[in-house]
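Undergrad: Once you've looked at the hints, dock chain B against the given chain A.
Chains A and B are the protein sequences, given in the same order. The numbering of the first sequence is numbering that gives the first Met the number 0, which starts it at 0 and goes up by one. The numbering of the second sequence is numbering that gives the first Met the number 0, which starts it at 0 and goes up by one.
Because the hints were derived from the structure by calculation, they are not lab data. Here the structure is a predicted model, which is why all the values come from computation and not from measurement. Glycine is no exception: its CB is placed at the ideal position from the N, C-alpha and C atoms. A few of these clues could be false.
Simulated restraints on C-beta separations [to be verified]:
1. Gly30(B) x Glu39(A): 28 to 34 Å
2. Glu189(A) x Asn38(B): 53 to 59 Å
3. Val82(B) x Arg180(A): 39 to 45 Å
4. Gly143(B) x Gly143(A): 54 to 60 Å
5. Glu140(B) x Thr114(A): 41 to 47 Å
6. Glu179(A) x Gly37(B): 51 to 57 Å
7. Trp161(A) x Gly96(B): 25 to 31 Å
8. Arg126(B) x Thr114(A): 36 to 42 Å
9. Gly37(A) x Gly111(B): 24 to 30 Å
Restricting the straight-line Cα-Cα distance to at most 27 Å, the calculated cross-link-like pairs of lysine-lysine (DSSO-like) are [unchecked claim]:
10. Lys105(A) x Lys75(B)
11. Lys124(A) x Lys75(A)
12. Lys105(B) x Lys105(A)
13. Lys105(A) x Lys10(B)
14. Lys105(A) x Lys81(A)
15. Lys105(B) x Lys75(A)
16. Lys120(A) x Lys190(A)
17. Lys10(B) x Lys81(B)
18. Lys10(B) x Lys120(B)
19. Lys105(B) x Lys10(A)
20. Lys75(A) x Lys10(A)
21. Lys190(B) x Lys120(B)
22. Lys124(B) x Lys81(B)
23. Lys120(A) x Lys81(A)
24. Lys120(B) x Lys75(B)
Just a sample of chain B residues kept apart from chain A, beta carbon distances all over 10 Å, derived [as the list claims (entries may be wrong)]:
25. Phe17
26. Gly37
27. Val79
28. Asp102
29. Lys105
30. Leu144
31. Thr146
32. Glu156
Number of protein chains: 2
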Amino acid sequence: MGAIAEKPAMKYEVEQKFPVDNLRAIEERLGEMGAEIGNERIEVDRYYNHPARDFAETDEALRIRRTGPINRITYKGPRVDKVTKTRQELELPLGEGATAAADWMKLLETLGFRTVSEVHKRRRKARVARQDRSVEVSLDEVTGLGTFVELELVVEEEDLDWARECIADLADELGLAQSERRSYLRLLLEKGGA
Amino acid sequence: MGAIAEKPAMKYEVEQKFPVDNLRAIEERLGEMGAEIGNERIEVDRYYNHPARDFAETDEALRIRRTGPINRITYKGPRVDKVTKTRQELELPLGEGATAAADWMKLLETLGFRTVSEVHKRRRKARVARQDRSVEVSLDEVTGLGTFVELELVVEEEDLDWARECIADLADELGLAQSERRSYLRLLLEKGGA
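With the rest of the complex left out, here is chain A (with noise of 0.2 Å):
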């Protein structure tokens, strides 16, 4: 009684972001490759600091991203890659709704974590298929920041030189150069417009 699977739930994500002046070359491409691309879907993500450590310094994250009415919590661990956006993450469903997002700010805010600052973003996905998994291709126009396009696995530790591969030919094939390594919320905070 008592006893649960404690297995490590941790899951790496190999990420790789590029600034883009016209996503619309990008989508011709992609459905060249014959993937398709779903609805549009408005992402706000509020980003925390702990309460006793500078998320900042760590290179750790965490979030609460609110997809409509779809909540959910996401931590990342710090970087362990030079080039992709390799790092743990953890996430995770919340209660879904307004009042569901409102009561986990409370509960973050009252365990001491601080509001850092809150990322609005338009997004379309889409899926490529790579061997037995897809990468998922985002498409972003980032309030304050302009539109970029994300390309993304998430994979257990023994898969990761696989992905970082898979992500770069991929870029390639799309045409995308000039990887970007900071997040979104780091953008916008040295941008001053966060």
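TA: For chain B alone, kept in the frame of chain A given last:
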């Protein structure tokens, strides 16, 4: 866009707990009052300490409660009353099942929350109507501590006085005296059995 209801989610829990030798006598009195006693459930509460403050000193509590597949997180603020155990409470549902519980424990640990102890109990619940509310009566067998009756109301701030009176009256009617103000966690830690 992005605006959410920032209504204060925090309610107050007014509670009194009584060690009893014999739960059977209480059950009979509850039956005479017309209260129905629910099935036994096993509750496992894992308590955490904060990464930067000592909840034993600040008189706060944070726990994950597992009742079968149901998982909940609960924050309790400092007691604000010397007789009853009146305190702010914020309780939020988590995802269901053992994996979700393990994921939440992993998240709390990653954020620097440390496990203090677990409290295991068999609990049966009854409800006793009082005006337009009902008092929650819990008949508890706590591993390592014995048997207890808990009386609880969760109310808004303006109903605190009424709730305290209501709990005291019901305790009288049930023949309960000599309340125990310490939590099960505290009792277990003091006993050295946690």
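Undergrad: State for each hint whether it applies.
TA: Verification of the hints:
no., hint, in the structure
1, Gly30(B) x Glu39(A): 28 to 34 Å, "violated (59 Å)"
2, Glu189(A) x Asn38(B): 53 to 59 Å, "holds (57 Å)"
3, Val82(B) x Arg180(A): 39 to 45 Å, "violated (58 Å)"
4, Gly143(B) x Gly143(A): 54 to 60 Å, "holds (56 Å)"
5, Glu140(B) x Thr114(A): 41 to 47 Å, "holds (43 Å)"
6, Glu179(A) x Gly37(B): 51 to 57 Å, "holds (56 Å)"
7, Trp161(A) x Gly96(B): 25 to 31 Å, "holds (30 Å)"
8, Arg126(B) x Thr114(A): 36 to 42 Å, "holds (39 Å)"
9, Gly37(A) x Gly111(B): 24 to 30 Å, "violated (37 Å)"
10, Lys105(A) x Lys75(B), "holds (13 Å)"
11, Lys124(A) x Lys75(A), "holds (21 Å)"
12, Lys105(B) x Lys105(A), "holds (21 Å)"
13, Lys105(A) x Lys10(B), "holds (12 Å)"
14, Lys105(A) x Lys81(A), "violated (35 Å)"
15, Lys105(B) x Lys75(A), "holds (13 Å)"
16, Lys120(A) x Lys190(A), "holds (16 Å)"
17, Lys10(B) x Lys81(B), "holds (18 Å)"
18, Lys10(B) x Lys120(B), "holds (25 Å)"
19, Lys105(B) x Lys10(A), "holds (12 Å)"
20, Lys75(A) x Lys10(A), "holds (10 Å)"
21, Lys190(B) x Lys120(B), "holds (16 Å)"
22, Lys124(B) x Lys81(B), "holds (25 Å)"
23, Lys120(A) x Lys81(A), "holds (26 Å)"
24, Lys120(B) x Lys75(B), "holds (19 Å)"
25, Phe17, "holds (25 Å)"
26, Gly37, "holds (19 Å)"
27, Val79, "holds (15 Å)"
28, Asp102, "violated (4 Å)"
29, Lys105, "violated (5 Å)"
30, Leu144, "holds (16 Å)"
31, Thr146, "holds (18 Å)"
32, Glu156, "holds (15 Å)"
In summary, the numbered hints that this structure violates are 1, 3, 9, 14, 28, 29.
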